[in-house]
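Here are the chains, one letter per residue:
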Amino acid sequence: MDRSLRGRVAVIGVGETEYYKRGGSPDPEFKLALKAIITACENAGISPKVVDGFASFSNDRSDPSHLAAALGCAELRFANMQWGGGGGGGSAAVANAAAAIATGMADCVVVFRALAQGQFGRFGQGPQRNTISGDMAHTVPYGLMTPAQMFAMKVQRFMHDHGVEQPALRSISLASYEHAQNNPRAVMYGKPLDEATYDASRWIVEPFHLFDCCQENDGAAAMVLVAAEKAKDFANEPAYVLGAVAGSHHRAGAGVHNAPDYATSAFKTVAPRLYDMAQVTPGDIDVLQSYENFTGGVLMSIVEHGFCPPEACNEYFVKERFVAPAGALPLNTSGGNLAECYMHGLGLNIEAVRQLWGCSTNQVANAEVSMVISGPMVTPVSACIFAKESVL
Amino acid sequence: MTAYLNPGLPQPMAAPDGLDAAYWEGLDNDRLLIQKCRSCGIWQWGPEWLCHSCNSFEMDFEEVPAQGQIFSYERVWHPVHPALQQQGAYLVVLVELPQAGNVRLVGNLMGDPQQAVTIGAVVEGVFEHHTSSESPFTLLQWRVVERAT
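Just so you know, the protein sequences line up as chains A and B, in that order. Residue numbers for the first sequence follow the numbering used here, beginning at 3 and rising by one. Residue numbers for the second sequence follow the numbering used here, beginning at 72 and rising by one.
Each hint should be verified, as a subset may be incorrect.
Below are the SDA-like pairs computed for lysine to any residue, each with C-alpha atoms no more than 25 Å apart in a straight line [as the list claims (entries may be wrong)]:
#1 A/Lys-23 / B/Glu-167
#2 A/Lys-270 / B/Gly-172
#3 A/Lys-23 / B/His-149
#4 A/Lys-270 / B/Ile-190
#5 A/Lys-23 / B/Ile-190
#6 A/Lys-270 / B/Trp-148
#7 A/Lys-270 / B/His-123
#8 A/Lys-193 / B/His-149
#9 A/Lys-232 / A/Arg-253
#10 A/Lys-23 / B/Gly-172
#11 A/Lys-270 / B/Pro-150
#12 A/Lys-23 / B/Trp-148
#13 A/Lys-33 / A/Asp-4
#14 A/Lys-23 / B/His-123
#15 A/Lys-270 / A/Trp-85
Some chain B residues flagged as far from chain A (calculated, every beta-carbon gap over 12 Å) [what the hints assert, rightly or not]:
#16 Asp-101
#17 Gly-112
#18 Gln-115
#19 Glu-129
#20 Glu-133
#21 Glu-134
#22 Trp-148
#23 Pro-150
#24 Arg-175
#25 Val-188
#26 Arg-214
By construction, these hints were calculated from the structure, which means they are not laboratory data. Don't be surprised by glycine CBs; every beta carbon is placed ideally from N, CA and C.
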């Protein structure tokens, strides 16, 4: 048997709650998860009772057994958590769900992520306790404790090595905010961003200005996946999984910033496997969603997926390239984590599917191959490509 | 000696499982101890129970000079902890130790927080003792000896 997921599984429904600024959700996290799953099932035209698997990432707190009980699912056959914090697992959850379906472990799997930072605490604050031990003891007492601070160290070195300048990071932020102005779901809808405002914004940690950093939000997102043979029985056009992979390079997880290859988004070994499975090249990608906790990670991810050599970043990273519909590589077309909502990146996977369905608020004409890069910081990272039937 | 950062951040404790106890005890005595494999001689950091190269569990902590080079750095502006509210900008450096297989340590770069920082600059360690604390501890800070050319 062919050891590949290519074309064997498809997304048939997506759902999201309303997206809120952190602390803004009237609902607790578990209820947000249920709402997104119900919405995704309605979108797919299925009863939630037939869902027999759940896949998530980043230590999601909504337990699959509890979800299945609450939804009244007939049977639970697959309950999967991708290890690793942050957004690195977004496409891995899709890969795991697809693998379960392709191998007959389950028939109808929901990939979901629910997050209520108002209820459970913020990512962007340091630990509030008197002592600290383990790996963090070697960084936190020096004032290095939040994701932005952990990642700035890598991005600084990458920019030094390749002569990357600040406007390259700025282009990513400007494109996201421009897209959000057309997306009523976006938390930053009605809040445009221009170059001068970006340049004048305060530093969080160099090289990240305020607008290089993602939001902190409350909400939930879900996708419904079934086998390709069944995918045409539903209302939506199937968005086939063309490739989905996860992983990281040699000793990427070495403690206290000791990964041998340090200034990387960790995709150098992952991206080639993605393209091999999907049987496409960077030139075939019609539209790209790339996880942005911080703009620097998008830059490194795009480089490591072969769109641009590292030494050409200053020329390549200009806003016009990334803005739909005219840009050569439309990027984060919903506004993404910076300007739509930080749903740990699962919103990016939904937007990638929406592009294939022709219903994005920043639609790319005739999009057939739609790619998602999930998480350039916490390993393992992952990525996936969705495609229309015409590509199979 | 005044500490580089304002007091009130979580203070380091040796891991309860004992893995990095020798490191923290070394700092208290003005000594930098880094893991080295007794079997194959490779340096390793962060600390692990076994050698990532030969998988021997015979790991020692060996003293190395607190001298290194700046591998990367960041200037932090946004306070993410109540203790940092009045701090203002500060510098965090990632220092490579050429005499210990280029393993890296995180610390602060002493001096003006607005100074230009050069990747590759040679730095030396400064043992910053926090003795007024109920459970005293030591941090390893860095100062520039020679700018990279």
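For each hint, the structure was consulted:
{"no.": "1", "hint": "A/Lys-23 / B/Glu-167", "in the structure": "violated, 40 Å"}
{"no.": "2", "hint": "A/Lys-270 / B/Gly-172", "in the structure": "holds, 24 Å"}
{"no.": "3", "hint": "A/Lys-23 / B/His-149", "in the structure": "holds, 19 Å"}
{"no.": "4", "hint": "A/Lys-270 / B/Ile-190", "in the structure": "holds, 24 Å"}
{"no.": "5", "hint": "A/Lys-23 / B/Ile-190", "in the structure": "violated, 38 Å"}
{"no.": "6", "hint": "A/Lys-270 / B/Trp-148", "in the structure": "violated, 31 Å"}
{"no.": "7", "hint": "A/Lys-270 / B/His-123", "in the structure": "holds, 21 Å"}
{"no.": "8", "hint": "A/Lys-193 / B/His-149", "in the structure": "holds, 22 Å"}
{"no.": "9", "hint": "A/Lys-232 / A/Arg-253", "in the structure": "violated, 40 Å"}
{"no.": "10", "hint": "A/Lys-23 / B/Gly-172", "in the structure": "violated, 46 Å"}
{"no.": "11", "hint": "A/Lys-270 / B/Pro-150", "in the structure": "violated, 33 Å"}
{"no.": "12", "hint": "A/Lys-23 / B/Trp-148", "in the structure": "holds, 23 Å"}
{"no.": "13", "hint": "A/Lys-33 / A/Asp-4", "in the structure": "violated, 40 Å"}
{"no.": "14", "hint": "A/Lys-23 / B/His-123", "in the structure": "violated, 43 Å"}
{"no.": "15", "hint": "A/Lys-270 / A/Trp-85", "in the structure": "holds, 20 Å"}
{"no.": "16", "hint": "Asp-101", "in the structure": "holds, 18 Å"}
{"no.": "17", "hint": "Gly-112", "in the structure": "holds, 17 Å"}
{"no.": "18", "hint": "Gln-115", "in the structure": "violated, 8 Å"}
{"no.": "19", "hint": "Glu-129", "in the structure": "holds, 19 Å"}
{"no.": "20", "hint": "Glu-133", "in the structure": "holds, 17 Å"}
{"no.": "21", "hint": "Glu-134", "in the structure": "holds, 18 Å"}
{"no.": "22", "hint": "Trp-148", "in the structure": "violated, 4 Å"}
{"no.": "23", "hint": "Pro-150", "in the structure": "violated, 9 Å"}
{"no.": "24", "hint": "Arg-175", "in the structure": "violated, 5 Å"}
{"no.": "25", "hint": "Val-188", "in the structure": "violated, 9 Å"}
{"no.": "26", "hint": "Arg-214", "in the structure": "holds, 14 Å"}
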